[in-house]
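Chains as they are written, first to last, in my numbering: chain L, 1 to 534; chain X, 535 to 843.
You may find that some hints are simply not true.
To be verified - Derived lysine-lysine pairs resembling PhoX-like cross-links, with alpha carbons at most 25 Å apart:
#, chain 1, residue 1, chain 2, residue 2
1, X, Lys-745, L, Lys-131
2, L, Lys-533, L, Lys-218
3, L, Lys-179, L, Lys-218
4, X, Lys-583, L, Lys-134
5, X, Lys-583, L, Lys-421
6, L, Lys-533, L, Lys-277
7, L, Lys-420, X, Lys-745
8, L, Lys-179, X, Lys-583
9, L, Lys-64, L, Lys-533
10, L, Lys-149, L, Lys-88
11, L, Lys-149, L, Lys-134
12, L, Lys-462, L, Lys-421
13, L, Lys-462, L, Lys-134
14, L, Lys-420, L, Lys-134
15, L, Lys-131, L, Lys-179
Claimed, not checked - To list a few chain L residues with every Cβ distance to chain X over 12 Å, as calculated:
#, residue
16, Trp-95
17, Asp-183
18, Thr-261
19, Asp-289
By construction, these hints were calculated from the structure, which means they are not laboratory data. Yeah, the Cβ is synthetic: ideal placement off N, Cα and C, and Gly gets one too.
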Amino acid sequence: MNALVRLAGIMVAATSLSAPVLAQTTVVAPSGSTAGTYMDYMKTVYDRGTGSELLQIPIATFDKEFELTPMAAESWTQSEDGLTWTFKLRPGLVWSDGEPLTAEDFVFALQRAATSGYDFAWYWDFAGGIKGWKEVTEGTADVSTLGLKAVDDLTIEVTTVAPKPYLPSVTSLWYPVPKHKVDELGDDWALDVATIVSSGPFEIESWEKSNNSVVFTKSDTYTGPWSPMIDRLELDPTLNAPEVGLPAFLAGDADYSFLNTGQVPVATARYPDGIRKNAVFATSYISYDLDAAPFNDVNVRRAFYYAVDRAELTSTVLKDIAIPAGSILPPGYPGYNPDIAAEAVFDPEKAKQFLADAGFPNGEGFPEVEIWYREEGGYNGAIVPAMAQYLQAEFKEVLGISLNIRALPGPEWMDGLRGKKNNIFIAPYEYDYLDPSNFYGIFYNGGRHGYFIPEYDEIIAKADSESDWDTRYKLYAEAEQLMIDQGLILPLVHPVTIAVVSDQLTGDGVAPNSLGFTQLDRLGHYFFTHITKQ
Amino acid sequence: MFTHIIRRILSVAFTFIVVSIIIFLMMHSVPGGPFDANDMPVSEAVRAKMMAQWGLDQPLHVQYFNYMWGVLHLDFGVPFQSPGETVVELISRAWVPSLILGGTGVLIGAPLGILLGMAAALNRNTWIDYLASTLATLGLTIPVFVTSMLLILIFAVWLNWLPASGWPQPNRWILPIACYAAIPLATYARYTRSAVLDTLNRPFVTVLRAKGLSERRIVFQHVMRNSAIPLVTVFLPMFIGTATGSIFVEAMFRVPGLGAYFVSSIEVRDYTLQMALMLLITFMYCLAYLLSDIAYALLNPRIRVGGAE
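The shape of chain L in the complex, shown without the other chains (with noise of 0.2 Å):
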């Protein structure tokens, strides 16, 4: 009998023990990609570890009405001169081993990044401006020439090269970097789970390297803005794909999956509370080399633009997983002109007399093209090969031009931009920061394309240094004119990606903001944050 109660208590007692961890809240997502090399977002942006930027508070980061919310920072402010902003960190912030997370992090993660190699070094050229960036990651300049100071442990100062309006935005991916860390194990402090340590809302449980899934957990010394409602989180890019994210979904291994085209009815009928669209801040567009014939003459490149049915290219062959593209700048994306967009028609009739203006009446004498398109996953792998063979239909049809396809792997395709191997391109880009700049950038003194068109450059770098909201947007939307008046890319579509929400999943985090869109792992601290599981 003795023996029974003692028993009995036993069980009492480990029942009371396990209870809280079966009360845990696990959340499991798909998200990154299977190749994670370091667990820092400021030591590699494409090949880092899933969600490292989760693991640390960037400065401000964006809600889901794209709103720039303060983290690390707790105000910002802009010098007379415009060339000069002011971070006032919030006081309090520490690193998941307790030590102080200071401005010096902040200043340090950059002053590698630009030393470094950094494969996102030209983030902080193009859209941050910072002084001396150029030259220091060129090797011609010495770090401390950066326009970048820790003032004391709680401000930082930036200086630009021109007034940059904008840069708080462009905050929202500067992440601190433990320096305490990379002194003791250099960049070695990102690759295994016992030294990696985080500011943000998460911390890193364990991480399998083969395919690059992570299980964070809630931070217990975070004391910024979003704390998560969840105990953990597992992150697994294995996930990503619809054909295998949708099984697990339906056996109950993922709380939400990304659907394909063909997945869509199935998922909408069984689970009609369940479907979400993602507005992804993205653009495919056509890009030429405008130095070689038949490209370098604007006529042929105006009746390319008109020789495409938008509407009739998302609603049939792509099924709606993405909308028709006006401009660079996607529907919702700050500076966004309907008007200018709505230039974008399909006009066969003026087609056809800018090809005969240039020389090709009816697609005659006009050489064999073949458009690059680069090989990817994800929604681009969903749009891009199906859109190709649209195009290739459409300017026989409309042109009488005979375009091949030729896919690439990325490093082939990127290979063949950089050194303008082939003259004509599918494009695809994805927002880096809220601004307009982003997206013009990319075609900014040379960019991406190799594109020069001096007067093309000449208003980006006035709107991009222009302090007045209304005055900026007009100039951007002269450069999209002028993109437009001489057919410097044709833009083809939006993508937009639809997933599947386990009803189980709660919070403001699924619910759709007001423009019908959540954002899933996109917006990641916000999203991961303002969740919660029953």
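Position chain X against the provided structure of chain L, taking the given hints into account.
Then chain X, alone, in the frame of chain L:
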């Protein structure tokens, strides 16, 4: 026999060197480098700095000799994809899941295939034969990503008996193992069926029958042994092919295995890993064929005697 083996080992070494040169040249002749995959081009100065840092700015032959010198010392370098470890560490880590799933798949699939093939041969032109042949044809022709999808749909989504995918709990291994088993099962069923039928039609079987041996003794003692030769030759190469993982099976079942690295190392121009994986596969196949040859010789007196001449 001995000289035969020595000759084979020398030819393996030669193959290894030729393959390494070809792969190295092919790898570097593909346009685009490890620092080209991003959305915006890296500036020339930064690119040059990175290339120098990884020794990629040196002439190709120097790079080749440096690499092979390392290989001789079992130093395969550091994978660009996973800078915190060596290539050897990465492979030994990622190979485990692939070996467990693929290896088990072959070890289950092959004996089942032999049984199926024997049943088909011994019951030729009956429903058993037709069923076995149909299964074998289906197993070989249906792509593995379709099989995986069907298995997930039936057992995870509809019946809810097993998890859809994932790692590391062993109940998540069942479906991928079933997938991996399909190909050796089908291959072996077909090989066994034709080998057994072929042997059954040989004159010595007629002699054995005329001598009055029981059909059971004829089949198990004589036919099986004589039919084993082609089966032995395919086993090891097939084992290696499967136990190094499949990108499709591993992607469908979310297995953190080696399979994906074969593709990703090429995609991201991870030269060190790409080279190591190719050399590994070359070495394994050479070894497999060498061992198969030896086993073949041991099983077949004609070869044994012929080799000794």
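How the hints compare with the structure:
1. X:Lys-745 x L:Lys-131: violated (98 Å)
2. L:Lys-533 x L:Lys-218: With Cα atoms ~14 Å apart, L:Lys-533 and L:Lys-218 stay inside 25 Å; holds.
3. L:Lys-179 x L:Lys-218: holds (23 Å)
4. X:Lys-583 x L:Lys-134: Holds, at about 14 Å.
5. X:Lys-583 x L:Lys-421: Judged against 25 Å, a Cα distance of about 24 Å means the pair holds.
6. L:Lys-533 x L:Lys-277: Holds: L:Lys-533 and L:Lys-277 sit about 20 Å apart, inside 25 Å.
7. L:Lys-420 x X:Lys-745: violated (80 Å)
8. L:Lys-179 x X:Lys-583: holds (23 Å)
9. L:Lys-64 x L:Lys-533: Distance ~19 Å between L:Lys-64 and L:Lys-533 Cα, so the pair holds.
10. L:Lys-149 x L:Lys-88: holds (12 Å)
11. L:Lys-149 x L:Lys-134: holds (17 Å)
12. L:Lys-462 x L:Lys-421: violated (32 Å)
13. L:Lys-462 x L:Lys-134: holds (20 Å)
14. L:Lys-420 x L:Lys-134: Given pair L:Lys-420, L:Lys-134 holds - Cα atoms ~23 Å apart, limit 25 Å.
15. L:Lys-131 x L:Lys-179: holds (22 Å)
16. Trp-95: Answer for L:Trp-95: holds, closest chain X Cβ roughly 20 Å.
17. Asp-183: Check passes; 18 Å lies beyond 12 Å.
18. Thr-261: holds (17 Å)
19. Asp-289: The claim holds: L:Asp-289 sits with its nearest Cβ about 15 Å from chain X, beyond 12 Å.
The structure is inconsistent with the numbered hints 1, 7 and 12, although it conforms to all the rest.
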